[in-house]
Structure formats: structure tokens, C-alpha cells
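Asks: Sequence:
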Amino acid sequence: MQWVEKSKGFDDESRPSTLPFEGEEIDVDEDEPPPRPRSQRPLSSSSDFTEDHFNLLNGWIDSLTSLVEGLHNMVDDLRRTMGTLQHSVDGMTSLLHALHAHLDAVLPPHPQPED
Numbered sequence: 001m002q003w004v005e006k007s008k009g010f011d012d013e014s015r016p017s018t019l020p021f022e023g024e025e026i027d028v029d030e031d032e033p034p035p036r037p038r039s040q041r042p043l044s045s046s047s048d049f050t051e052d053h054f055n056l057l058n059g060w061i062d063s064l065t066s067l068v069e070g071l072h073n074m075v076d077d078l079r080r081t082m083g084t085l086q087h088s089v090d091g092m093t094s095l096l097h098a099l100h101a102h103l104d105a106v107l108p109p110h111p112q113p114e115d
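Counting from 1, position 99 in the sequence shown corresponds to residue 99 in the UniProt record's numbering; the numbering is continuous, with no gaps.
Simulated from the structure, these hints should not be mistaken for laboratory data.
Hints are not guaranteed to be accurate.
Computed beta-carbon distance windows for the label pairs [what the hints assert, rightly or not]:
no.: 1; residue 1: LEU71; residue 2: PRO111; range: 56 to 66 angstroms
no.: 2; residue 1: LEU103; residue 2: MET82; range: 42 to 52 angstroms
no.: 3; residue 1: THR81; residue 2: LEU107; range: 55 to 65 angstroms
no.: 4; residue 1: SER94; residue 2: ASN58; range: 48 to 58 angstroms
Just so we're clear, the structure is a prediction, and the values are computed from it rather than from any experiment.
Backbone N, C-alpha and C fix where the C-beta goes; we use that ideal spot for every residue, glycine too.
Work the whole structure out from these sequences, hints included.
Replies: Right, here's the structure in full:
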């Protein structure tokens, strides 16, 4: 827990200054709430949700929507590219089979090694 104390954003006064030794207990006040990051505002009512909050949330949603649409377009492009590559590979395979058949027809057979 000591590294948490020194971390940015945590309230240093809410934790002990040292770690306990093995078997040693720390006095904890049961009524005291757990520490909150310094940047976290106190709990507030729902009436604090302002038009600025709405606009910010709406902007995030628009950004996420654009990101998902961009990813969808990228996946479509990759599928088309994979289709083109597969077509090219199929064409090359057919060409190699034809070349192999032609070479078998015009070249003498290979001598088999003797055992």
C-alpha cells in the first residue's frame, strides 16, 4: 500500500505513513470512509448534470461512433484485399500446376535412385 500513498492523485493523509510489519495490525476507524482520489469530486446530486456534461457525453458518443464506423470500413477493405490475394494465389497455383504438367510432358522422366 505504500506505493499507493506516493502515487499521484491519492490523499496521503488518509493512509498510514509506513507499511505494517508482519503480524502488526493497523487501527482502522470503522466510521471513516475509504480514501478517494484527490481529483474525484464529492458525491453530488443528479441535478448537477449540466448541458456542458450532456454536450461532452454526446461528443464522446459521436467520436466512438466514428471510430466504430472507421474500424468497420477497415475490416471491409481487409476482406476485399484478402479476396484479391486469394484470387491471385489461386491463379498462381493453377499456373504452377499447368507448368508442372507441361514440364512432365516435355522432359524425360527423372531416373529413380537405386537402393
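Asks: Determine for every hint whether it applies to the structure shown.
Replies: Comparing the hints with the structure gives:
1. LEU71 x PRO111: 56 to 66 angstroms: Since the Cβ atoms of LEU71 and PRO111 sit about 58 angstroms apart, the hinted range of 56 to 66 angstroms holds.
2. LEU103 x MET82: 42 to 52 angstroms: violated, 31 angstroms
3. THR81 x LEU107: 55 to 65 angstroms: Because 38 angstroms falls outside the window, the suggested range is violated.
4. SER94 x ASN58: 48 to 58 angstroms: Holds, at about 54 angstroms.
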